[in-house]
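Trainee: As a plain string of letters, each chain reads:
2 protein chains.
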Amino acid sequence: MKRYTILALVFFYTSLFAQHPIAYLTKADVGVVKTGLTREGLLKASFRDVKQSVDKWIGKDIDVPIPKDPAGGYTHEQHKANYILMFNSSLMYQLSGDTKYALLVKKLFLKYAALNPTLQNHPQATSSSPGRIFWQALNDANWLVYTGLAFDCIHDYLTPAERQLIADGAFKPEVDFFTINLKDWFNLIHNHAVWACAGVGIVGIATDNAHYLDMALHGTALDDKTGFLANIDGLFSPDGYYTEGPYYVRYAILPFYLFANALNNQQPTLKVFQRRNNVLQKALVNGLQQTNLNGGFYSYNDALKEKSFISNEIVEALSIAWKVYGADSSLLPVAKQQNRVTLSKGGADVALALAMSKNIAAFYPYKPISFTDGAKGNEGGVSILRTGGSEQLTSLIFKYSAHGLSHGHYDKLNIILYDGGNEILQDYGAARFIGIEQKYGGRYLPESKNYAAQTIAHNTVVVDETSHYNGKEDLSQKYHPEKLFSNSSNGKVQVISAIDDKAYGDVTLHRTVWMLQLPDASKPLTVDFFRLLSSKQHQYDLPFQYLGTVINTSFKYQAFTNSQTTLGAKSGYQFLWKEASAKASNALTQFTFLNNKTYYTISSYTDDSTNLFFTRLGANDPNFNLRRDPAYVIRKKGANQTFVNVVEIHGSYDTNNEVSVNAYSKVENITILRDDEAYLIAQISINKKLLVVAQSNKNVAANTKHTVKINGTDAHWVGPYTVIYDHQILQ
Amino acid sequence: MKRYTILALVFFYTSLFAQHPIAYLTKADVGVVKTGLTREGLLKASFRDVKQSVDKWIGKDIDVPIPKDPAGGYTHEQHKANYILMFNSSLMYQLSGDTKYALLVKKLFLKYAALNPTLQNHPQATSSSPGRIFWQALNDANWLVYTGLAFDCIHDYLTPAERQLIADGAFKPEVDFFTINLKDWFNLIHNHAVWACAGVGIVGIATDNAHYLDMALHGTALDDKTGFLANIDGLFSPDGYYTEGPYYVRYAILPFYLFANALNNQQPTLKVFQRRNNVLQKALVNGLQQTNLNGGFYSYNDALKEKSFISNEIVEALSIAWKVYGADSSLLPVAKQQNRVTLSKGGADVALALAMSKNIAAFYPYKPISFTDGAKGNEGGVSILRTGGSEQLTSLIFKYSAHGLSHGHYDKLNIILYDGGNEILQDYGAARFIGIEQKYGGRYLPESKNYAAQTIAHNTVVVDETSHYNGKEDLSQKYHPEKLFSNSSNGKVQVISAIDDKAYGDVTLHRTVWMLQLPDASKPLTVDFFRLLSSKQHQYDLPFQYLGTVINTSFKYQAFTNSQTTLGAKSGYQFLWKEASAKASNALTQFTFLNNKTYYTISSYTDDSTNLFFTRLGANDPNFNLRRDPAYVIRKKGANQTFVNVVEIHGSYDTNNEVSVNAYSKVENITILRDDEAYLIAQISINKKLLVVAQSNKNVAANTKHTVKINGTDAHWVGPYTVIYDHQILQ
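Sequence order for the protein chains is A and B.
Residue numbers for the first sequence follow the UniProt record's numbering, so the first one is 1 and each next one is one higher.
Residue numbers for the second sequence follow the UniProt record's numbering, so the first one is 1 and each next one is one higher.
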């Protein structure tokens, strides 16, 4: 009986694993790329770059040092350079047939086969998932992915004995480490686990090891509660929204796509790219929708602003998507800006499409869009209201998603505003200098959790100087706001409304933002209702993380000119210098700033209990880890309180001609006509006309008819809101 | 006798003034432009833009309001728009022959002819040279220049009676105001006077008024002590360095060129463009040499950083220079970036050259260069040390010029560093939001004199927290530093040394900076000797206005994390928050920062009496008029003191690949081998080699032979300095 089993397994192995290369590209793909290389163009240029980066190492003795340094240090960077070199050289071998490239890879593999069995936890390991070659296991997983792909490409060049030596020496210690020592980490639903599964799975395919592949796909228990497929099912919402946010979908999409591509070559019947109605395609497309005009990923949750869609991960994903989902011309503006393609069938096809296409748009086709969060799509979401095309695009992001795992922030009902490619109301992102050893080994800085993740670092209300969920991840991870209503189908009135009654014990947060395109304005107007409901007295701070230069204010303030202290002592407040403060009056309060060449005015409904602050980051930051960014904070006190704010984009400043146009706000007054359990109705005088914005607070059904007295006259509308401008319903 | 004189004058008038147009372009020029417009290209595109801007006003009643508002306000912007429109419409008339354009100009002129005689000083006038149409006379001069050119273009369209009406009503009140009421201002040697003379002179040519032209050329006393020619002679050094600095040469070059061009058409025998060996050509070319890679004018003296050579003034000057000095292909990169040309013969020729030229360089051909200051070239100067080509350009500016009139700063022996188009050690420039009414009417802000002009805002030594010349312009205007020696002919060793014994009563400032290209480095190394000589005890602060993110320091510092106070109380110190301070030790002191994607390290020779500060702008700035820029200040105390600093450009940070290369300084030690009346010799250990930099403090003759013991061995050299690297003289 046992003998039969072994025979069956052997048969299984040979039938499934006979062909190499198969992980990154197939023999047929190699042919397509070789044909593509006969043409001048982006494929050939990309090939030349890779070849040049590899050729300078041919014949040299390449260092495989004993791991010692943190990120940014020598041994870290050397091992990172090695796996990229091994991958690239293995591709050169496939595309040129020249064995010098395979020899380079083999020699490095033999060094790793000697080194890896000797390794214990990295001396710089500080995380709960320590690495061996690197300070954290995540980097070891990166190593496995690339060296696995490299092994597959030189598989047929190696003798069976060499293959065995490398599989046992270079790969097995890492795979065992992941699947035994770090089993809990390997079995997470999290981007780290995606990398780990991709690494183990690709090595499985490359070394014809079905057990590795099984663990990678189905988790170490082989029960599909964890593993790669469970991560595809668990990390994305049905729309492809990745719960950690756009910066991390950029990162995670690479192992998702690389491993899925290998699987698709090797087990096409698994239809991994079709899983959950093409969720991996949606992940890419919707990741791109979450970028700014310059390609930078929106910086909510932990994010570094300098990352854009020209990064390697998106180059790879785009090429693979082109191959498996078919040509998609909307991706060409992205590919053009990337200005390189991968050396694969998809890359060859993208390069050809770029060469054949005339008039490629300057920008990705951004549109108003909403995503649900959560594997089932029932954990809140993110909406992006948008108007204007090309460089005139204005995007207002409203975030009512779930926490977003370990990289989430305490930012329920946050808004972020981009205009014409500039950040106007920013999300700080994360505090980290990735790859810079001197800055805390390139790791997330303490200020990232202590400031950047805190509520005050966002554009949403902080109650009693305490972050949402008191800054507790385990608590925040359990809940999410609920969307009340939205409309992005009407270009003139886009709206999104959501409520959260869990972020604070006894306070309910209810926010609605409208992006209104008034007929006599060139840019959209943002109207922002923020209701706070509580039976107890609280302090409510609504910060606006504006970026720009203070131009003027409608109020007098006290500036702290000779000495400065902090805005508070905790929840991120300790990082904010109080530059100025003011007491508002029973009147319209306005603040105008200049960003790049456009004016922005925040007009606020205030009363004489409202306080205002100008703050500046940098307090309690002895290591200069935070940018010195400003904020404008509106503080109200009370039990129930309502903020009504209008954000206006207006005018222009031409520095070369020294001309300023429409530098003054056109908002003349804001009054609240009604604010009770049933309705919130505000009236805004703008440009000598009246704008009335009304919402139903309770009954948000789409078909409910409402009749409400507004300014003494019965107004009628259907659905959760209405917007009336100059006595006409705006639509 | 009297009758003969009158006859002679009449003859003079008719012979000189018969032809119109002649001021901006001649009839022959019009023919060239018309021919140029038959081709597609930049001329035609520029024509289309101008035509479009004019056409929308044809047939409309254009407002000529009663002057009321400051810069940025409605009446200011309307009058500004009017003179540009009149000029452009008059060109359209010449180029199309369509009288609707001339009619538009005439109608506006008739409104001004009614308005101008009624005007008294502008209600917002605050300066000693008040305007009438505008808040300051300078803007009235701009108005005269453009409307004078416009009048000339429609001269032949107007009836003699209309000409008289406009000359008497629109022009005469302004000309009389300038030459009688503001005579002292009109007769200055200053950019305002250049504009005023250009305005009166162009109106003289346009209205056939020889007296106007005479006053413009020779001053109201007609004695050539003032007037346009005296300004050409007085404001430029023989090399064409403009004493107010690059930002203002950009501004002044327009009236210089426009009036000179009109004169050249009307009195070619005056050879105004050849005056002082083509000093106006040198002014343009050397103005361009004083720009950054992005075209931005260097920001020393009062300057707004956003001004670049794409501004209208340089577009006009470039076109005229091309016509009068001949084709110059080195100007094409500038013209290409300007992306428009003037509607003139020069503009047509530049457009044609752009169309015919292949491979126009991406950047202006920057080179190491020195300028003298002062009309006779004997009032110090500015040197720019440079290495690297194209985007690798590094420029180190050393300023030892005279004060620079009313826009000068207290910045003797200041240095400024640009690298790869980025400002690394900045000059703040001026504090002003030109054209923004809310920001102090668009005028220079008080912080401009109080902070930006003060010594602490620069990269040079402040003694006892008091600016050079105690911040007194009249005093500073009298003196200038003396250059001791320089060399920019040796690419590996560029050097400039100067001394100043007037900025402080009893302290002599002596600074030498070297830009060294070491054989094993890709970027130049700056070595900076700053000697302070005094018989009394003083405090010496050397600030580095670095731009970038703090990466690390070699020293421990105390950060003021919970409360902040200012660095001092006066001389600009009151605007600086003290973010951190440290006591140095008897050792090398290093500070590394990251700017864009490059690391920079300042390595300093310090002892245990040296103090260090990190500062941040923003204190005592209640109106948010200053940028929140950082500085690093090295403080020494004593009678004689010497600063030796090394500024290193090293490594790179690749945010997309998250890789940091050479992020650490290679400087290991700095010692002073000798520091006395005769010599200053420093030894820098770098990259495990020795760099010895030696200067003669007293005998700086080029042919003097020196023999000095260095590290126990006699070193021999000729001239004021030597640089020895790895035991070889660097050359």
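Rather than coming from a laboratory, the hints here were simulated on the basis of the structure.
Each residue gets a CB set at the ideal place from its N, CA and C atoms; glycine is no exception.
A hint or two may mislead.
To be verified - 20 Å max Cα-Cα, derived SDA-like pairs, lysine to any residue:
#: 1; chain 1: A; residue 1: K583; chain 2: A; residue 2: K449
#: 2; chain 1: B; residue 1: K578; chain 2: A; residue 2: A559
#: 3; chain 1: B; residue 1: K68; chain 2: A; residue 2: N623
#: 4; chain 1: A; residue 1: K570; chain 2: B; residue 2: V30
#: 5; chain 1: B; residue 1: K570; chain 2: A; residue 2: T561
#: 6; chain 1: B; residue 1: K305; chain 2: A; residue 2: R276
#: 7; chain 1: B; residue 1: K688; chain 2: B; residue 2: A701
#: 8; chain 1: A; residue 1: K449; chain 2: A; residue 2: Y469
#: 9; chain 1: A; residue 1: K305; chain 2: B; residue 2: R340
#: 10; chain 1: A; residue 1: K597; chain 2: B; residue 2: N562
#: 11; chain 1: B; residue 1: K556; chain 2: A; residue 2: Q438
#: 12; chain 1: A; residue 1: K556; chain 2: B; residue 2: P65
#: 13; chain 1: B; residue 1: K583; chain 2: A; residue 2: I62
#: 14; chain 1: B; residue 1: K666; chain 2: A; residue 2: N662
#: 15; chain 1: B; residue 1: K305; chain 2: A; residue 2: Y469
#: 16; chain 1: A; residue 1: K483; chain 2: A; residue 2: Y469
Claimed, not checked - Short derived list, chain A residues pointing at chain B, Cβ under 7 Å:
#: 17; residue: D176
#: 18; residue: I180
#: 19; residue: G548
#: 20; residue: S554
Trainee: Each of the hints needs a verdict: does it hold here or not?
Mentor: Taking the hints in turn, this is what the structure says about them:
{"no.": "1", "hint": "A:K583 / A:K449", "verdict": "violated (31 Å)"}
{"no.": "2", "hint": "B:K578 / A:A559", "verdict": "holds (17 Å)"}
{"no.": "3", "hint": "B:K68 / A:N623", "verdict": "violated (51 Å)"}
{"no.": "4", "hint": "A:K570 / B:V30", "verdict": "violated (71 Å)"}
{"no.": "5", "hint": "B:K570 / A:T561", "verdict": "holds (14 Å)"}
{"no.": "6", "hint": "B:K305 / A:R276", "verdict": "violated (53 Å)"}
{"no.": "7", "hint": "B:K688 / B:A701", "verdict": "violated (33 Å)"}
{"no.": "8", "hint": "A:K449 / A:Y469", "verdict": "holds (14 Å)"}
{"no.": "9", "hint": "A:K305 / B:R340", "verdict": "violated (35 Å)"}
{"no.": "10", "hint": "A:K597 / B:N562", "verdict": "violated (35 Å)"}
{"no.": "11", "hint": "B:K556 / A:Q438", "verdict": "holds (14 Å)"}
{"no.": "12", "hint": "A:K556 / B:P65", "verdict": "violated (32 Å)"}
{"no.": "13", "hint": "B:K583 / A:I62", "verdict": "violated (44 Å)"}
{"no.": "14", "hint": "B:K666 / A:N662", "verdict": "violated (52 Å)"}
{"no.": "15", "hint": "B:K305 / A:Y469", "verdict": "violated (45 Å)"}
{"no.": "16", "hint": "A:K483 / A:Y469", "verdict": "holds (19 Å)"}
{"no.": "17", "hint": "D176", "verdict": "violated (28 Å)"}
{"no.": "18", "hint": "I180", "verdict": "violated (29 Å)"}
{"no.": "19", "hint": "G548", "verdict": "violated (10 Å)"}
{"no.": "20", "hint": "S554", "verdict": "violated (11 Å)"}
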